[in-house]
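The letter at position 681 of the sequence shown is residue 681 when you use UniProt numbering, and the numbering goes up by one with no holes.
One should not assume that every hint holds.
What the hints assert, rightly or not - Have a look at the derived ranges for each label pair, beta carbon to beta carbon: (1) Phe410 x Gln507: 46 to 54 Å; (2) Val325 x Arg234: 42 to 50 Å; (3) Ser282 x Arg374: 20 to 28 Å; (4) Leu132 x Glu105: 33 to 41 Å; (5) Thr445 x Phe410: 20 to 28 Å; (6) Glu294 x Ala532: 34 to 42 Å; (7) Gln172 x Thr137: 27 to 35 Å.
Unchecked claim - Within a straight-line C-alpha distance of at most 20 Å, the following computed DMTMM-like cross-link-like pairs (lysine to aspartate or glutamate) qualify: (8) Lys377 x Asp424; (9) Lys510 x Asp375; (10) Lys427 x Asp375.
None of these hints come from the bench; they were simulated from the model.
Even glycine gets a Cβ: it sits at the ideal position worked out from N, Cα and C.
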Amino acid sequence: LASLIFQLRAQNQVLKKGVVDEQANSASLKEQLKMKDQSLRKLQQEMDSLTFRNQQLAKRVELLQDELALSETRGKKNPKSVESSSHLSQEQKSVFNEDLQKKIEENERLHILFFEADEQHKRLEAELRSRLEVLETDAAQHQAVVDSLTRKHTDTIEKLQNDKAKLEIKSQTLEREAKDCRLRTEECQQQLKNLQAALGSRLEESLCIINEKVPFNDTRSNQYNALNVPLHNRRNQLKLRDLAGQALAFIQELVTALLNFHTYTEQKVQIFPIDSATDTISPLNQKFSQYLHENASYVRPLEEGMLRLFESITEDTVTVLETAVKLKAFSEHLASYLCFLRKILPYQLKSLEEECESSLCTAALRAKNMELHRDMKRLTAVFEKLNTYISLLVLPSTKPEGLLRTNYNFVFTNIAASLHGFHDVLKDISKHYSQKATLEQDVPTATQKLITTNDCILSSLVALTNGVGKITSFFSNNLDHFTGSLSYGPKGGTEFISPLSAECMLQYKKKAVAYMKSLKKPRADSVPYEEALANRRVLLSSTESREGLAQQVQQSLEKIAKLEQEKEHWMLEAQLAKIKLEKENQKLKNSLSGHLTETIQEHSVLPNAAEKKKETTEKSTSLVSDLFPSIEKNPLALVAPDVDSREDLIKNHYMARIAELTSHLQLADSKSVHFHAECRALAKRLSLAEKSKESLMEELKLASQNISRLQASKILYHDELMTTKRSYEDQLSMMSDHLCSMNETLTKQREEIDTLKMTSK
1 LASLIFQLRA
11 QNQVLKKGVV
21 DEQANSASLK
31 EQLKMKDQSL
41 RKLQQEMDSL
51 TFRNQQLAKR
61 VELLQDELAL
71 SETRGKKNPK
81 SVESSSHLSQ
91 EQKSVFNEDL
101 QKKIEENERL
111 HILFFEADEQ
121 HKRLEAELRS
131 RLEVLETDAA
141 QHQAVVDSLT
151 RKHTDTIEKL
161 QNDKAKLEIK
171 SQTLEREAKD
181 CRLRTEECQQ
191 QLKNLQAALG
201 SRLEESLCII
211 NEKVPFNDTR
221 SNQYNALNVP
231 LHNRRNQLKL
241 RDLAGQALAF
251 IQELVTALLN
261 FHTYTEQKVQ
271 IFPIDSATDT
281 ISPLNQKFSQ
291 YLHENASYVR
301 PLEEGMLRLF
311 ESITEDTVTV
321 LETAVKLKAF
331 SEHLASYLCF
341 LRKILPYQLK
351 SLEEECESSL
361 CTAALRAKNM
371 ELHRDMKRLT
381 AVFEKLNTYI
391 SLLVLPSTKP
401 EGLLRTNYNF
411 VFTNIAASLH
421 GFHDVLKDIS
431 KHYSQKATLE
441 QDVPTATQKL
451 ITTNDCILSS
461 LVALTNGVGK
471 ITSFFSNNLD
481 HFTGSLSYGP
491 KGGTEFISPL
501 SAECMLQYKK
511 KAVAYMKSLK
521 KPRADSVPYE
531 EALANRRVLL
541 SSTESREGLA
551 QQVQQSLEKI
561 AKLEQEKEHW
571 MLEAQLAKIK
581 LEKENQKLKN
591 SLSGHLTETI
601 QEHSVLPNAA
611 EKKKETTEKS
621 TSLVSDLFPS
631 IEKNPLALVA
641 PDVDSREDLI
651 KNHYMARIAE
661 LTSHLQLADS
671 KSVHFHAECR
681 ALAKRLSLAE
691 KSKESLMEEL
701 KLASQNISRL
711 QASKILYHDE
721 LMTTKRSYED
731 QLSMMSDHLC
741 SMNETLTKQR
751 EEIDTLKMTS
761 K
């Protein structure tokens, strides 16, 4: 505030000096203006005297002219006197003319001087007036600035006075608080001394108890500490399960897109450049289509592996890379699909080269084929990268020495980069294939089947690109969560030593959860021993039947999955068959129109054609009746021997036969499953005796377990003592930190009080 006041005073002095200088300038200008007015008045007086002198001279000239005229009139009367007077008048004229000429020149010079003086006076007057206006405006502005500054200064002075009063009040309150803080620090120091004495005595007692009673501490060794159950992070488990569900949905979309892509590629190989319906394709393409037909057996397991991994992540488990055992199955399925891609890659490349060598292939189409040639190699290379990195993620659950924990982040970032590369490769493939499809449409031998197949391949590529894009964005967004959540372990350590220790930890956790649940459950009423045995047998049989039903459900799900695969395959076949049927119907219509004209001509020439037609229809009906005895029951079917009715009858017969066979097959399956369940129940009952023996052996082992429990209780007691010791040490450190902070606050408050006193002075 003092510096601000000093600055304002300095500015005020500068402004006052400026105002005084401007006032002096305005006074000097006013004096100059007065001087100019006086000179102007003098010039005006001279001008008035000159005008008066000019008027006198003009009157004198007029008088002289009048006298001259009188003398001339007189000269005419007496020429002698005229001559003498003429001499005199000429001399006088010359004198007068010279005098008049001098007066005229002097008058002109005075007029010029007067005009120049008048112009200069006007110019100076205009300049002085403009300058006076500018100075007046500047003076008004400076006066306004001075007024505003004075108002501001008065306001700031009032504010500073108010602040000074407030600071004085605050300084008084701070002094009171400082006194209170001194009293509190003295009390805290006394409490700290008492606590140090009490904690020292308790620490000595706890150390004596630890040295005497605790023989072993498992947290010192990483191998033993890895067997301890870590703190359960339910939020982390729910988040991982949610992410696994999203990944499962993305993998399902990817699997459907890959199935469609391989299936439509198989159809494309059989259509272009040679149509298998009209001519035999090359052995290379035959082998290629045969391998492509097996794509479902390699692609479907990817979805199954991801589903098993999703089911393994539950709320009760601890999900880290050491416990993610189901990730190995997904890695193996991905490796098998990579082997499938490696197997079909040379055939795919040779097929593209063979297509380039055909006569239908243009230069532009050949260039696009070579681009696809390179893209397919890149696609296989990207899958190899993904397979290697995912196989590295499997190592902590199988061979922990194969991947260090420090390299987890590196592996996850490389997986994200590989997914981005996978997305870029698919974009290039879809772009190049769309350009290739447009070029193939311009080929003269391009059929509607080829165009529809290309459209289907493009749609599958677009779906595949979108699915991979979703996976890449999903993985990149959750990369930090993956690297952070999969790296926690037991308390006191940062990792699991081996998958075996992680598995043992999970078993211990299950036992602990079961023990806690058993503690929460109320004790039920006792049941007689014989009744308990009967209930146990019933319970085992019911669990066996439940297991059988679960197996039946699993088998039915597997059958449904296979049937869905076949359904997708046959749906594609049906689409192609519909396209073929439409083309055949068009051909038949065209051919029937031609045949009708021919039959009309032949009917006029060959009258025996009707008899031959009757014989052929009778033969066909006899063949149909032999093949399908159901037609004999319906003799009206023979009345309409056209092709459509016959096809409908054949179709209905086959559908009825298929329904009967499927019903028989379902009955046989249900009976076999029932017999299998009964056999398993009998085997389970036979194993009850062995289990009772094992239970007796377990009861014998309880004594040894009691000894180990006693040792564990000692260890727990030692841990409790150590935790109390640590807590006391933490409390001591906190108290000392609190005292340091209080001393710092006191020093700060003293400094503030000193500064406030200085400012108030």
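Tested hints:
no., hint, result
1, Phe410 x Gln507: 46 to 54 Å, "violated (32 Å)"
2, Val325 x Arg234: 42 to 50 Å, "violated (21 Å)"
3, Ser282 x Arg374: 20 to 28 Å, "holds (22 Å)"
4, Leu132 x Glu105: 33 to 41 Å, "holds (40 Å)"
5, Thr445 x Phe410: 20 to 28 Å, "violated (53 Å)"
6, Glu294 x Ala532: 34 to 42 Å, "violated (55 Å)"
7, Gln172 x Thr137: 27 to 35 Å, "violated (53 Å)"
8, Lys377 x Asp424, "holds (13 Å)"
9, Lys510 x Asp375, "violated (50 Å)"
10, Lys427 x Asp375, "holds (10 Å)"
Hint compliance for this structure: hints 1, 2, 5, 6, 7, 9 are not met, and every other hint is.
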